[in-house]
Amino acid sequence: MTVTEDNIRHVAKLARLQLNDDAVKLYARQVTDILGYVDILSRLDTKRADTSSNMISSNSSHNNAFRDDEIRQSLGVERALGNAPSSEQGSFIVPRVVR
Amino acid sequence: MDLHKLTIHEAHELLAARKINSVELTSSVFDRIKAIDGHIAGYITVSERDSVLAQAKQADERIARGSMTSLTGIPLAIKDILCTEGLRTTCGSKMLENFVPPYSATAVQRLADAGAIIIGKTNLDEFGMGSSTEFSAFGPTHNPWDVTRTPGGSSGGSAAAVAADECLGALGTDTGGSIRQPSSHCGVVGMKPTYGRVSRFGMVAFASSLDQIGPIAKDVTDCALLMNVLSGHDPMDSTSARQPVPDYTSALQPNIEGHKSLEGLVAGIPVEYYTKGMDPQVEKAIDAAIRILEKLGIRCKEVSLPHTEYAVATYYVIAPAEASSNLARYDGVKYGLRAEGATDLIEMYEQTRSKGFGPEVQRRIILGTYALSAGYYDAYYGKASQVRALIMKDFSQAFEQCDVLLSPVAPTPAFKLAEKVDDPLAMYLSDVFTLPASLAGIPGLSVPCGFTNEGLPVGLQILGRHFDESSLIRVAYALEQATDFRLRRPSVL
Chain A
1 MTVTEDNIRH VAKLARLQLN DDAVKLYARQ VTDILGYVDI LSRLDTKRAD TSSNMISSNS
61 SHNNAFRDDE IRQSLGVERA LGNAPSSEQG SFIVPRVVR
Chain B
1 MDLHKLTIHE AHELLAARKI NSVELTSSVF DRIKAIDGHI AGYITVSERD SVLAQAKQAD
61 ERIARGSMTS LTGIPLAIKD ILCTEGLRTT CGSKMLENFV PPYSATAVQR LADAGAIIIG
121 KTNLDEFGMG SSTEFSAFGP THNPWDVTRT PGGSSGGSAA AVAADECLGA LGTDTGGSIR
181 QPSSHCGVVG MKPTYGRVSR FGMVAFASSL DQIGPIAKDV TDCALLMNVL SGHDPMDSTS
241 ARQPVPDYTS ALQPNIEGHK SLEGLVAGIP VEYYTKGMDP QVEKAIDAAI RILEKLGIRC
301 KEVSLPHTEY AVATYYVIAP AEASSNLARY DGVKYGLRAE GATDLIEMYE QTRSKGFGPE
361 VQRRIILGTY ALSAGYYDAY YGKASQVRAL IMKDFSQAFE QCDVLLSPVA PTPAFKLAEK
421 VDDPLAMYLS DVFTLPASLA GIPGLSVPCG FTNEGLPVGL QILGRHFDES SLIRVAYALE
481 QATDFRLRRP SVL
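If you read the sequences in order, they're chains A and B. Residue 88 in this note's numbering sits at position 88 of the first sequence; the count goes up by one each step and never skips. Residue 286 in this note's numbering sits at position 286 of the second sequence; the count goes up by one each step and never skips.
Don't read these hints as lab results, they were simulated from the structure. Here the structure is a predicted model, which means the values were calculated and not measured. We put the CB at the ideal spot given by N, CA and C, even for glycine. It is possible that some hints are incorrect.
Ranges between beta-carbon positions, derived for each pair [said to hold, decoys possible]: (1) N83/A x E10/B: 37 to 43 Å; (2) K25/A x G375/B: 20 to 26 Å; (3) A65/A x G86/B: 27 to 33 Å; (4) R299/B x N83/A: 52 to 58 Å; (5) D69/A x G139/B: 44 to 50 Å.
One chain only, chain A, in its complex shape:
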């Protein structure tokens, strides 16, 4: 099953990656190889596989990770903006979103 250059361009768009033509060619080849290898999974009969215990600890009845919605201390505006590439008046500045 070949992953085409068009497939890669489509996926790159979904993943918000900008790829030049050489990169598209390279990834098409490599992803085809890797998924070609992954294809061995299709040989397995998994009809009786029970995935309910794949995640051994989260959201099970003996490990309820939920709590009541109560206000707790959080980072605060100043620390939240601490690594902002661009900020002003307590907000992150970005290129225009809506025209």
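Starting from the structure of chain A, add chain B where the hints point.
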């Protein structure tokens, strides 16, 4: 006295007896880093000497007050994928080259609360994606046993730093083998705990159903001491387990002359892990280690993990898929790199992500996005999740017959730099022995079990039932104390 050569427990005894203090211990480690890290490149960021010595002085005051823990005053290194408040955390990526976290990971905070000194942040494959530390945006780390070779990965910086006495211990992370494999290649002890044993809060997420933080140490005792401090429930991590934490040091039962310390334990030898294509010297070291364990009373039996051959394929669907989702947050908006000159938001995202991510990360994002995209989800992620369940069942069935499983960590010793960097599939296939345990969430430990003729370390992998880290520590300690591999040190200048 070369204080940087001490183990954590040796240093603790000397500190408690006031024979040394943390300032001189930490200075010794600092000087060691200055002297040799140019050849190893284990660190991305080394803390300011003054600030580190101030921490050491505080530790000395705490010791004088009589309130020390096993880690007070001990200089440790942290893999640069774990957030450290106020200390740059890059994840080995240009995307986070100047990112300074506003909080520390729970695991790091636990070490700091215990009085440990955080010396610096160690090198890694970018965002934890890799098996050689060659995919760091800041250059590769070199194996202290042979600087022309990789230390393994992705926690290569931590493993190399521990092996070269550039810290007394370190934290690493393991998603598909990234603690165990570099520990094996660098001749140190490394443990991947059970999924949920150690909080993931503050660990920059790569694959959320696989990621775990764990210790990399000079010996099994140090590993147990670190596990005592790291383990336990954390309300900040919704996948954190509530299982009580035993005292892992009580699993350190010494070998007494004439007494078989491992009597009563059964070790499974999974036939699928002893394949063709293994380096004969690795096989030799593993066999010798198993013989030693048998002399100490362990009973070995062959077991089968029939879905082993599907583990690499399963992992390389699940992990990239989860990574593509976790890395979607890097968009130049709130933190990290923002590419200049974009005229609209989408352009900013695309340029930022293309400039910020290296080739292996981009490859995995593309792979993962493809596997999760419409029309492919069931065939790839869905199918892989089902195979994952079968792999988990293999282990639970095996553990009905045995207490631990013994296997190699890697099919070869450390490989040469650049040897596999252009062949991603070959790199992925070398993870064959470590991936299954990650998929199953079971704990795994790598303990030194020998050297090749070229003097390269070989590690024995010990796997166990969920939340049975104690059995792994018990078996590893018995092997360690019956041999002297831990006393051999790489000769780095």
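Checklist entry - Per the hint of 27 to 33 Å, is the separation of the Cβ atoms of A65/A and G86/B within bounds? => result holds (29 Å)
Next on the checklist: Holds or violated: the 37 to 43 Å window for the beta-carbon distance between N83/A and E10/B?
Outcome noted: Since the Cβ atoms of N83/A and E10/B sit about 39 Å apart, the hinted range of 37 to 43 Å holds.
Checklist entry - Regarding K25/A and G375/B, is the given constraint of 20 to 26 Å on their beta-carbon distance met? => result holds (23 Å)
Checklist entry - Measuring from beta carbon to beta carbon, are R299/B and N83/A in 52 to 58 Å? => result Roughly 55 Å apart at Cβ, these two residues keep to the hinted range, so it holds.
Checklist entry - So does D69/A sit 44 to 50 Å from G139/B, Cβ to Cβ? => result holds (46 Å)
In this structure, none of the earlier numbered hints is contradicted; all agree with it.
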